[in-house]
Amino acid sequence: MKALAEAAVDAALGAGASYADARAVTLRRQHVVTKNLQVDDLSDAESEGIGVRVLVDGAWGFAGEGRLDAAGAREAALRATAFAKAAPGRHETSLAPIDAKSGDYRTPLERDPFDVPLSEKVDLCLRAEEGMRRPDVKVTLAMVRAQREHKFLISSEGVAIEQEIVECGGGIDAYATAGEVSQIRSYPSQHSGVSGQGGWEFVEGLSLEGEAPRVGEQAVALLSAPECPSGRTTIVLSPEQTIMQVHESVGHPTELDRVYGTEAAYAGTSFLSPGDLGNLRYGSPQMNIVSDATTPLGLGTFAFDDEGVPAQREAIVEEGVLRGFLTSRETAKRIGAGSGGSMRADGWARMPLVRMTNLHLEPGEGSFEELLADVDDGLYLETNKSWSIDDKRLNFQFGTQVAWEIKKGKLGRMLRDATYTGVTPVFWGKLDAVAGRDEWQLFGLTNCGKGQPGQEAHVSHGAAPARFRDVEAGVSG
Amino acid sequence: MSRALDLAEEALRAAEGDDAEVLVHAERSGVARFAGSVVHQPTLIDNAVIRLRILRDGRIGWAATNRVDGLAKLAQRAGEAADQARPDPDFPGFAPRAEYPDVGGFDEETASLGPEDQARLAGVAIDAAGDFELYGYFTSGVTDIALASTTGLVADQTLTDANALCLAAVEDASGWAERTHWRVGDVDPAAAAQEAAAKAARTRGAVEIEPGHYAAVLEPYAVAELLRWFSYDSLGAQGFLEERSYFCGRIGERVFDEQVSIADDPLDETNLPKRFDFEGTPKQRVELVEGGVARDVVWDRGTAVKAGDGRVSTGHAPPDAWRFFGPLPTAFSMAGGDAASLEELAERVGDGIYVTRLHYLSIVDPRGGVLTGMTRDGTFRIRDGKVAEPLVNLRFTVPMADVLGEVHGLTAEPLLMNMNELYDDRFPHAALVPALATARFHITGTGSGPGT
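Read top to bottom, the protein sequences are chains A and B. Numbering-wise (my numbering), the first sequence opens with residue 1 and increments by one. Numbering-wise (my numbering), the second sequence opens with residue 1001 and increments by one.
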C-alpha cells in the first residue's frame, strides 16, 4: 500500500501537479442489529482503494479509485491531475507550511472487536433486547458495530504516515406505542448508540444489558407522561444532549472552511468571521471548549490528520471568548496560522475536509445534584431526539426523548415531547454552570454529515451536565 | 450484459452450494463542486461494490467487498455471517426471477462525460451568475446496478444522471435553483445559475417577522424536502408497521386537502426511472395519497411478510445505506394543480410568506407528522397577493397535516428536484413536485439573514 501511494504521488507530479498526496486505505465494517428478538442485519463489509489529491496551478483535483493496484494508483493520479487542469477560472490555493514527518499510529486496545465472534455479538444484542421488552414496547432494537481503517498517507512534501484505527460501539432503542402516542427511549444515544476508539472492552463497558430494563420502563412511562409545557425557564442538559449542542452550535460554526463559505450551498456557512478570533464573546465565562485529537477513546483521535499534520489539543472557546478555529493547511494559511490538524476524509473515495476531531465542553465544578439544587423551577432534558439549526448556525431547535420537571432543586415528574430553541451566542451566554469532572462523559458519534459528495465523519464529544437560564422551551407545531 | 452483471454472476458462482443473492452497485462519476465561483472540492469516483447475501438453514448473513479478485473470501465471510445469525422465520426468501419494464434512464451523451466536461459545465454555471458568486456543483455519473441470485433472478440497469445545483450569493443576499435529469442535454447549468442570481438579487435588506401561523407559497424545492422528511417515518412500511407513521390507522381516510395526490412513480421517464429495487423486485407506481385520502405506503419483501396480510413488495427495497429506514419512496410524483404560475399562487395566498428552499429539517414527532427546519435562499413576505419584501430565514415547526391540509392551489407543471445528497454509493433519485400554496405554515422563530 505504501508503494502504491508513493507511485501515485510520483505519477501526479509527473503529470504536472505541484503538490500531491495519496491515501491508500483498507476499511472493514461489521454490523450486528437485532430487532424484536430477530437478527435484522448481520453484515461484514470491506472496501479498499486509493484517493489522490493534487494541486495544479493552484487548483485542486481529486480522484478515488477502487482498484488498489499499480494501474489503479496511476489512473487516480492522472484523473485527479486532469480534473485540476480542467477547473474553470483562476485558482490561488496555497498551503500553510508543514513539518513533514514519518510516523505510525495504532489504536491501543485490549480485545480486537473483529476477534469477537459474531454469535457473541448477536447474543449480547438479544439479551439487551430481552431486558427492554414490555407489553407497550412495540419495537426493541439493539446494535453493535466495529470498524478497522488501515491507511498510508504519502505526500510530495515528504509526509509518510501509516495509521490503523479501530473503533466499536453499540446502543439500544425501545419504541412504545399506545393509541396515537408513540415514544422512543434510547441508550446511550439515539444516533446508533455510541462508539469509541478502542477494543471490545468499550462495548462491554456500555453495559447495554444493565441499562435495558430502565430504557424499556421509561419508554412505557413516556406514553402517559404529560407534554412538556411551553415557556421560558431554566434548563439543565444531560451530557448527551450537551454534546449535541456543542457539535451543532460550536463545532460546525468554528470549521474555518465553512467560515470561508465552502459549504454555503449545502451544510451552510457560519455566523463567525476570521476577525472574530480573540474578540467574539461566544458565551458566558463558564464556557470552555477544546478541540483535542489526543483524547483517549475518541473517534477523532489520531497521530496525524489526513494532510499529515500532527494531532493537537487547542482551545476553541476560553471563558466564553472565541480563541480558535478548526483548520486545514489551506484555511489556516488564510488567517496566518499553522494548521490545527483537522483535515479528515471519509474513506478513500472522498477528499479531506475540515472536520471536528474530539470537541469537548470542559467540566466545571460540583455534582449533578448540586447543579439541580440551584433551580427552583426548570427542566432536565435527556437524550437527543430531534435537531435542527440554521445555515449560519444561529437559530437552533432541539428535542429530547425525555424531560423531567425540576422543582425546588429536585427532579420531579417525567415529561414527553420536550423541545427548546435559541440563538447560538445568546444561548451560550445563558450558561451559568457546568458540573465537574466526575460527571463528564465522552460520546462518539458516527453520523456527522458534510461535503458534496457527502461524507460522514466519526467524532467524539465530552461534556458534563450544563445549566442554562431563561431558555424558550416547549415549541409546538 | 453489463460489467456489473458479469461481476454479479461471477460472485454467485463463488458462493456455489448456497442459496445466495449478489448485488453489484458500481459508479463512475465526477463532481465539480464550487464555492465563491471557484472549484474547490472536485471529486472523481470509480468503484464497484459487490454484496453477497447467503441463506443457510433459515439464517441470513451478508458481506460486501470492492475487490473483484476477492470473491472467494467474500463468499467465505458471507457464509460465516449466516452461520452465526439466528434462523429468521420472517425472511421472505430471495426474489424470484422477473420481467422488468424498459424504462429508459440511460443517455449515451451523459455517460460519456469526463472530468473536463464536468469542469466545463461547472464553468458554464459560474459564468452565468452575473454579479453573484456561485456555490454548488455540477455532477454527472454512470451507475450500474445488477442482481443475480440462485432463484434465477437476473436484473441489470445502467443509470445516468446529471445535475447542477446553484446558490448565487454575496454577503447579504442569496438565491437557489437547480436542474436535474438523466439526460445532460436537459440540464441547463446556466439557466439554474441565472434563476438563482435573479432570486438572490431580491433578497437584500431582509427583515424579521413575528412568529405565528402564516399562509405560504412553497416552491418545489421546499415541497420536495418536506415530502422527503415526512417519508422517513410515515410513507415507508417499516415506520407503518412499527406504528411511527402518521398514516397508522388512517389508510382510507381523508388526511390532506383533496387537491393533494402523491404517488411514488419510479417508472416515469420524466423522473429518474428505475426497473427494479435492491432486492430485484420490479418497480411499480404506488399511490400514497389520492385526492387527500391516505392509500398506502411503500413495501419491500421483508415488510410485506411481516404485515401478515398477504401483501407483496411494491419494489422499494432500499440500498444498504438506508436499511435503518426500511423501504422508502425514491420517486415522488405529486400531482399538479390549476395555477399557471408561482405568481398566481401568491395571489391566492394574498397575505403570507413565500419560501424557496428549506434547510436542516428534523422530525419532532414522527407519529404526529411534525417537522422542523429553516427556510433559506429566498424567503419573502406576500402582501396584497404579490411577493413583497425579503425576510430573514425563518424557523418552522409544522404538522404535515397542516401544511397539506388546506391547500389554496398547486402549479400545473411539477418540476424534477434532485434528492440525492451523494452520500455512500451513488443512487440517483429525484422528486417530481409542483409548488403549492398552503393556508397554514407555522413560523416559530427567526434566524440568520440571506447570504454567506
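There could be a bad hint or two in this list.
[Claimed, not checked] DSS-like mimics (lysine-lysine), calculated; alpha carbons at most 25 Å apart, straight line:
#1 K101(A) with K333(A)
#2 K85(A) with K101(A)
#3 K85(A) with K407(A)
#4 K430(A) with K407(A)
#5 K2(A) with K1073(B)
#6 K1306(B) with K138(A)
#7 K35(A) with K138(A)
#8 K138(A) with K2(A)
#9 K1306(B) with K35(A)
[What the hints assert, rightly or not] A partial selection of chain B residues facing chain A, derived with a Cβ cut-off under 7 Å:
#10 H1040
#11 A1063
#12 A1111
#13 S1112
#14 I1251
#15 G1252
#16 Y1360
#17 V1364
#18 R1376
The hints are simulated quantities; they were obtained by calculation from the structure and are not laboratory data. Beta carbons are placed, not taken as given, at the ideal position from N, Cα and C, and that holds for glycine.
inquiry  = Hint check: K85(A) vs K407(A), CA-CA at most 25 Å. Holds or violated?
reply    = Since the Cα atoms of K85(A) and K407(A) sit roughly 65 Å apart, the hinted pair is violated (cutoff 25 Å).
25 Å Cα cutoff - pair K35(A), K138(A) = Given that 25 Å is the threshold and the Cα spacing comes to 10 Å, the pair holds.
request  = Verify the proposed pairing of K430(A) with K407(A), using a straight-line Cα cut of 25 Å.
outcome  = Judged against 25 Å, a Cα distance of about 20 Å means the pair holds.
key: Agreement of hint R1376(B) with chain A interface, Cβ distance less than 7 Å   = Holds. Min distance 5 Å.
Hint consistency between K1306(B) and K138(A) [alpha-carbon to alpha-carbon, up to 25 Å] = Between K1306(B) and K138(A) the Cα gap is close to 13 Å, so the pair holds against 25 Å.
ask   = Taking 7 Å as the limit, does the beta-carbon of H1040(B) come near enough to a beta-carbon in chain A?
value = Holds - the Cβ of H1040(B) comes within 7 Å of chain A, reaching about 5 Å at its closest.
query = Between K138(A) and K2(A), is the straight-line Cα distance small enough, at 25 Å or below?
reply = This hinted pair is violated, its Cα atoms lying about 51 Å apart.
ask   = Keeping to a limit of 25 Å between CA atoms, is the pair of K101(A) and K333(A) held or broken?
value = holds (19 Å)
ask   = Is the interface hint for A1111(B) satisfied, with its Cβ closer than 7 Å to some Cβ of chain A?
value = Interface hint status for A1111(B): violated (16 Å vs cutoff 7 Å).
Supplied contact hint for I1251(B), tested at 7 Å Cβ to chain A = violated (15 Å)
key: Minimum beta-carbon distance criterion (7 Å), G1252(B) to chain A   = This hint is violated: G1252(B) lies away from chain A, its Cβ roughly 17 Å from the closest one there, beyond 7 Å.
ask   = Taking 7 Å as the limit, does the beta-carbon of V1364(B) come near enough to a beta-carbon in chain A?
value = holds (5 Å)
Checked against the numbered hints above, the structure breaks hints 2, 3, 8, 12, 13, 14, 15 and satisfies the rest.
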